[in-house]
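Undergrad: Here are the chains, one letter per residue:
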Amino acid sequence: MSTTGKFVTATAEKCHDPYLRCALYGAAQAALGISGCCVLSYAPQGCNMLVSSAFGWQDADYTETLTLCTKLCENEIVHGGEELLTRTILEAQEFNVPIVFVLSSCGPEIVGDDIVAVCEDVRSQVNFDVVPIQCAGFRGSQYDGSDIALDVLLKKLIVDRGQKIAKSVCLIAPYANANPTWMGDLEWVKGVLSRMGVEVTATITHQTALSDFARVSASEASLVLSHDCGHKAAGYLASEFGVEQLCQDIPLPVGFTNTRRWLRELGERFGVGEVADKLANEGEKMVVEVCRRKGLEQFFMHRAPVAIVADATVGIPLVHFISEDLEMVPQLICLRSSQEVARRVLEKELKELNLAPRVIYGADVYQSKVALADLKPEIVFGSNIEKHAVEELDIPFVFLLVSPTTRFRIINREYFGYTGMLNIIEFIQNDWRDKYRSRQREYKARW
Amino acid sequence: MLCCVTVDGTAGLALVNRLSVGILLDLAGREATGMDEDYIAFRGNLQQLLEKVEKGEMIPKLQASHAPPCKFWTAFMVVNGIRHMAPVIHGPVGCTYGVASAYKLTSCEYRGVPLEPTSCTALGETNIVYGGEGKLVEAVKEAEARYHPELIVILSCCCSGIIGDDVETIAEEAEKSVNAKVIAIHSEGFGGDFRSGFEDAFRVIMDLMEPPRQKRQKTINILGARVGPTYTEWREDLDEIIRLVNAIGVDINAVLCGGCTLEEIRRAREVELNASWCYDWGQKLGDLMQKRYGIAYSRTGQPYGLRATEEWIMGVARPLGLEKKAREVIQKETDGVKEEAESLRRNLNDKTALIEVAEFPGPIRALSIARMVEEFGARPVVINIHPYTIKERMPSIKFLLETGQNPEVVLTKGIFSLGTFRSSWQTEFQLEELVTEYNNAIFFGTPMRQPGIPQVNLTTRTGYPHYGYPGIVNLARLVESAVVNAGRPRSKLFRRVLYGDRQS
Chain A
153 MSTTGKFVTA
163 TAEKCHDPYL
173 RCALYGAAQA
183 ALGISGCCVL
193 SYAPQGCNML
203 VSSAFGWQDA
213 DYTETLTLCT
223 KLCENEIVHG
233 GEELLTRTIL
243 EAQEFNVPIV
253 FVLSSCGPEI
263 VGDDIVAVCE
273 DVRSQVNFDV
283 VPIQCAGFRG
293 SQYDGSDIAL
303 DVLLKKLIVD
313 RGQKIAKSVC
323 LIAPYANANP
333 TWMGDLEWVK
343 GVLSRMGVEV
353 TATITHQTAL
363 SDFARVSASE
373 ASLVLSHDCG
383 HKAAGYLASE
393 FGVEQLCQDI
403 PLPVGFTNTR
413 RWLRELGERF
423 GVGEVADKLA
433 NEGEKMVVEV
443 CRRKGLEQFF
453 MHRAPVAIVA
463 DATVGIPLVH
473 FISEDLEMVP
483 QLICLRSSQE
493 VARRVLEKEL
503 KELNLAPRVI
513 YGADVYQSKV
523 ALADLKPEIV
533 FGSNIEKHAV
543 EELDIPFVFL
553 LVSPTTRFRI
563 INREYFGYTG
573 MLNIIEFIQN
583 DWRDKYRSRQ
593 REYKARW
Chain B
371 MLCCVTVDGT
381 AGLALVNRLS
391 VGILLDLAGR
401 EATGMDEDYI
411 AFRGNLQQLL
421 EKVEKGEMIP
431 KLQASHAPPC
441 KFWTAFMVVN
451 GIRHMAPVIH
461 GPVGCTYGVA
471 SAYKLTSCEY
481 RGVPLEPTSC
491 TALGETNIVY
501 GGEGKLVEAV
511 KEAEARYHPE
521 LIVILSCCCS
531 GIIGDDVETI
541 AEEAEKSVNA
551 KVIAIHSEGF
561 GGDFRSGFED
571 AFRVIMDLME
581 PPRQKRQKTI
591 NILGARVGPT
601 YTEWREDLDE
611 IIRLVNAIGV
621 DINAVLCGGC
631 TLEEIRRARE
641 VELNASWCYD
651 WGQKLGDLMQ
661 KRYGIAYSRT
671 GQPYGLRATE
681 EWIMGVARPL
691 GLEKKAREVI
701 QKETDGVKEE
711 AESLRRNLND
721 KTALIEVAEF
731 PGPIRALSIA
741 RMVEEFGARP
751 VVINIHPYTI
761 KERMPSIKFL
771 LETGQNPEVV
781 LTKGIFSLGT
791 FRSSWQTEFQ
801 LEELVTEYNN
811 AIFFGTPMRQ
821 PGIPQVNLTT
831 RTGYPHYGYP
841 GIVNLARLVE
851 SAVVNAGRPR
861 SKLFRRVLYG
871 DRQS
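For the protein sequence lines, the chains are A and B, in the order given. Under our numbering, the first residue of the first sequence is numbered 153, with each subsequent residue one higher. Under our numbering, the first residue of the second sequence is numbered 371, with each subsequent residue one higher.
Hints are computed from structural coordinates only; laboratory data are not their basis. Heads up, a few of these hints could be off.
What the hints assert, rightly or not - If we take Cβ atoms under 8 Å as the criterion, some of the chain A residues that face chain B in the derived model are:
(1) L172
(2) Y177
(3) Q197
(4) M201
(5) T219
(6) K223
(7) L224
(8) I262
(9) G264
(10) V268
(11) S391
(12) F393
(13) E543
(14) L545
(15) F549
Said to hold, decoys possible - Derived lysine to any residue pairs resembling SDA-like cross-links, with alpha carbons at most 25 Å apart:
(16) K539(A) <-> K694(B)
(17) K511(B) <-> E421(B)
(18) K862(B) <-> I563(A)
(19) K342(A) <-> N433(A)
(20) K783(B) <-> N248(A)
(21) K585(B) <-> K694(B)
(22) K166(A) <-> K511(B)
(23) K654(B) <-> L690(B)
(24) K166(A) <-> K431(B)
(25) K862(B) <-> E441(A)
(26) K166(A) <-> G501(B)
(27) K425(B) <-> Q775(B)
(28) K783(B) <-> E165(A)
(29) K695(B) <-> R716(B)
(30) K588(B) <-> K546(B)
(31) K539(A) <-> P484(B)
(32) K431(B) <-> K539(A)
(33) K862(B) <-> Y518(A)
(34) K511(B) <-> E216(A)
(35) K166(A) <-> K551(B)
(36) K166(A) <-> L527(A)
(37) K319(A) <-> E339(A)
(38) K166(A) <-> P484(B)
(39) K539(A) <-> Y480(B)
(40) K511(B) <-> R413(A)
What you are looking at is a predicted structure, and each value in this text was computed from that prediction instead of being measured. Here a beta-carbon is modelled for each residue, glycine too, at the ideal position from N, C-alpha and C.
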């Protein structure tokens, strides 16, 4: 087990303690990113909990976006629930929404209910569009569900405009990112694109107006903001509408090297290389100056053996940042997903950095804990799960960068780019100090 | 909705869900109430509301925008309260991560509980087509090897239920090849409402109880806990019950299932008596244990106020022959809260107490509070306790009626609206209208309401326990605060966050 440089894919086990939710959740995340829509889960009521979680993750506003559930019971499973689904879609007319997404769950898909036909039949009776998405939980992980939903959204909602908008991109799957306030990453991307004079045609999806989809095919390029899903959507846009996918073989922009590389590729593509260089130079200068002024503590990071337990979107870009900028040595990388494209990027990174950590793709909680117990790193970049999992393992530091963590950070904080680097450094520095906080008093004060 | 806010956040929806659990109401039901005000859907008493539900004049069904947890979630809540238990959830990952995030991690974060596994068979398309029984057997063996649990609980989900995997037989077979005890619960999400998950889980857990080797004198079980080790809503109420029980010289074998061990469950039949921390959740298990094993069950309501607390204590003391000691404890404790009881009398006497506990901390508590305020001289009016709750909690409601609790009930139309947000702002404005009917009213409920009258915050963490004698102290303080601060304006920020920019 202790061999370094070993790549493992966690598929053999029968008993799985998952880090991820199912396809229904991922599909709900994608659909709930469309402003003012209604998401109807064709499911027993428990599945609606997943939709509620997706609602929270998408930062949806309950005064605008609505959710319904058919709450299927035994009767509908035995006799079919299509009539109930029709009735519920008709009820949704009260909401006066432009579109209703119908998400099917395990039960009705197994018994063979035809949600596509139901949606087709009921469409003439309602004053909104009805879009079925077949995303039963057994179809895969939340990332698979997100890819399923993105496929439906693009095929259903895109209009081929023929003409391209010069210097334009559409952004894909920003929510498939375990930074609990990933909206900060999205804003950073939009900010740098704006500085480069690049227009964002649409974000698929986050607070996306339905009308935005009309501009997607006119985009010159796409940027996938996740290493966990969204690449199929980018592939579809490329093949159908000639929308070129950018930055697809490099890590997302976390840390000096990744950010400069990412900015430079965009700069070159859009003929604004000097703007990209300026952004990188200014950003790096700012990070250096802030760290100098705040008194960055370096000694605990130098060559510290480290584990990363995260999604690919946060986990892969961290490798370059923590090993190059923070001088740590990754010993273990447990990724929650195992997309081929993400593997390619990570393995290229490790080669470039001459690192040979143990890598587990599609890890579950048990595999992470066993690997952590085996390798005993000094630092873990992970979530609350790892914080609790390593309690008896004598691992001094767990820096909580990824979900699940409490989401209530009022101001969204990016990990991407230069302020993003400072945000990560802030977590590291504060959590490190917190470890040494006095838990008890040696004696009592006299007043 | 029950405690279902996940660690990684259901955010806004949870906020608004806490305010609005609406229901569908048939038109006949509305007409039958003789509705004279256009925002009132029902006005009467608890008995009359129950009769309407039983006759089918009010359809006790939540509308499509309101969904409590399914049977699987609530069955998991119960077994999650057993230490060193490894669940093997026979379903896809979504069901599993959902409950892990909502309950397991919450217990770790806030209740000092170590991380234990939430494992599943991760059923995929192939298993759906070819069956998942083989995978389940292997998963049980793997769970034993990985986690060394004392108990493995197989929970079926929609998928395994529909494809017909025989989880009970597999549990029996798999047990032969592992050291752990293995049980199975049919907990398909479509198989019942949230209540059936609790009840079925408790029923299966009864099978773990072994014939008594001895009768343990003056020892009881506390029934009806769930959600996870030490997570029975607010721990402080449970702490108070344990304190009172110990004070009269009684030991507790187990809190089922609030952090109990398999060994405690095995010995559960050795006790003299069962009591519940909440009659509603304990009664099914209490009744079954009485019927099957002849163990007496103390039937008392929640110990809110002096009278109900006395009844609760005596309900335990009397069958165990400890009345004298119990009387001494009651006298001493009552003397200790004399000032607070007087404060409650002063602040509540001749007032109308409008009690709205649509969701948290639970509608049965609304009825317990109704009884308490009556004790201190107020006239209780319970608002928006919906037919769905009446149906789901029928045995408890009937029990409360038998004990003479029959408060006035008012339902406003807003709770029947489709859409959680719409339901929440409509009921808010209807509440604001309703309070104008009363001259001297005080509101008991959540601060998420802004009725414009003295308002008792039942949801503040520092206000717990509500039970027993510290409960008197806490509630007296909260009522006093409501009266003293009645004239202060409410936050416009809170109002706009909750209800948008609507004015009325």
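Undergrad: Now tell me if each hint is right for this structure.
TA: Each hint, compared with the structure:
1. L172: 6 Å, holds
2. Y177: 6 Å, holds
3. Q197: 4 Å, holds
4. M201: 5 Å, holds
5. T219: T219(A) check passes; min Cβ-Cβ to chain B is 7 Å, inside 8 Å.
6. K223: Status holds, d = 6 Å.
7. L224: 5 Å, holds
8. I262: 5 Å, holds
9. G264: Hint on G264(A): violated, closest Cβ of chain B at ~11 Å, above 8 Å.
10. V268: It is violated, given that the least Cβ distance between V268(A) and chain B is near 18 Å, above 8 Å.
11. S391: 26 Å, violated
12. F393: 30 Å, violated
13. E543: 6 Å, holds
14. L545: Violated - the Cβ of L545(A) stays beyond 8 Å from chain B, reaching only about 11 Å at its closest.
15. F549: Violated: closest Cβ of chain B sits about 17 Å from F549(A), beyond 8 Å.
16. K539(A) <-> K694(B): Distance ~50 Å between K539(A) and K694(B) Cα, so the pair is violated.
17. K511(B) <-> E421(B): Not OK: K511(B) and E421(B) at ~51 Å, beyond 25 Å, violated.
18. K862(B) <-> I563(A): The hint holds at about 21 Å.
19. K342(A) <-> N433(A): 19 Å, holds
20. K783(B) <-> N248(A): Roughly 20 Å separates the two Cα atoms, so the pair holds.
21. K585(B) <-> K694(B): Roughly 22 Å separates the two Cα atoms, so the pair holds.
22. K166(A) <-> K511(B): 9 Å, holds
23. K654(B) <-> L690(B): 22 Å, holds
24. K166(A) <-> K431(B): 39 Å, violated
25. K862(B) <-> E441(A): This hinted pair is violated, its Cα atoms lying about 41 Å apart.
26. K166(A) <-> G501(B): Distance ~14 Å between K166(A) and G501(B) Cα, so the pair holds.
27. K425(B) <-> Q775(B): 21 Å, holds
28. K783(B) <-> E165(A): Distance ~52 Å between K783(B) and E165(A) Cα, so the pair is violated.
29. K695(B) <-> R716(B): 31 Å, violated
30. K588(B) <-> K546(B): Judged against 25 Å, a Cα distance of about 37 Å means the pair is violated.
31. K539(A) <-> P484(B): 10 Å, holds
32. K431(B) <-> K539(A): Violated. K431(B) to K539(A) sits at ~41 Å, over the 25 Å cutoff.
33. K862(B) <-> Y518(A): 47 Å, violated
34. K511(B) <-> E216(A): 48 Å, violated
35. K166(A) <-> K551(B): This hinted pair holds, its Cα atoms lying about 19 Å apart.
36. K166(A) <-> L527(A): Distance of about 24 Å is within 25 Å: holds.
37. K319(A) <-> E339(A): Cα-Cα ~18 Å, so holds.
38. K166(A) <-> P484(B): 24 Å, holds
39. K539(A) <-> Y480(B): 13 Å, holds
40. K511(B) <-> R413(A): 48 Å, violated
Of the hints listed earlier, those the structure fails to meet are numbers 9, 10, 11, 12, 14, 15, 16, 17, 24, 25, 28, 29, 30, 32, 33, 34, 40, in rising order.
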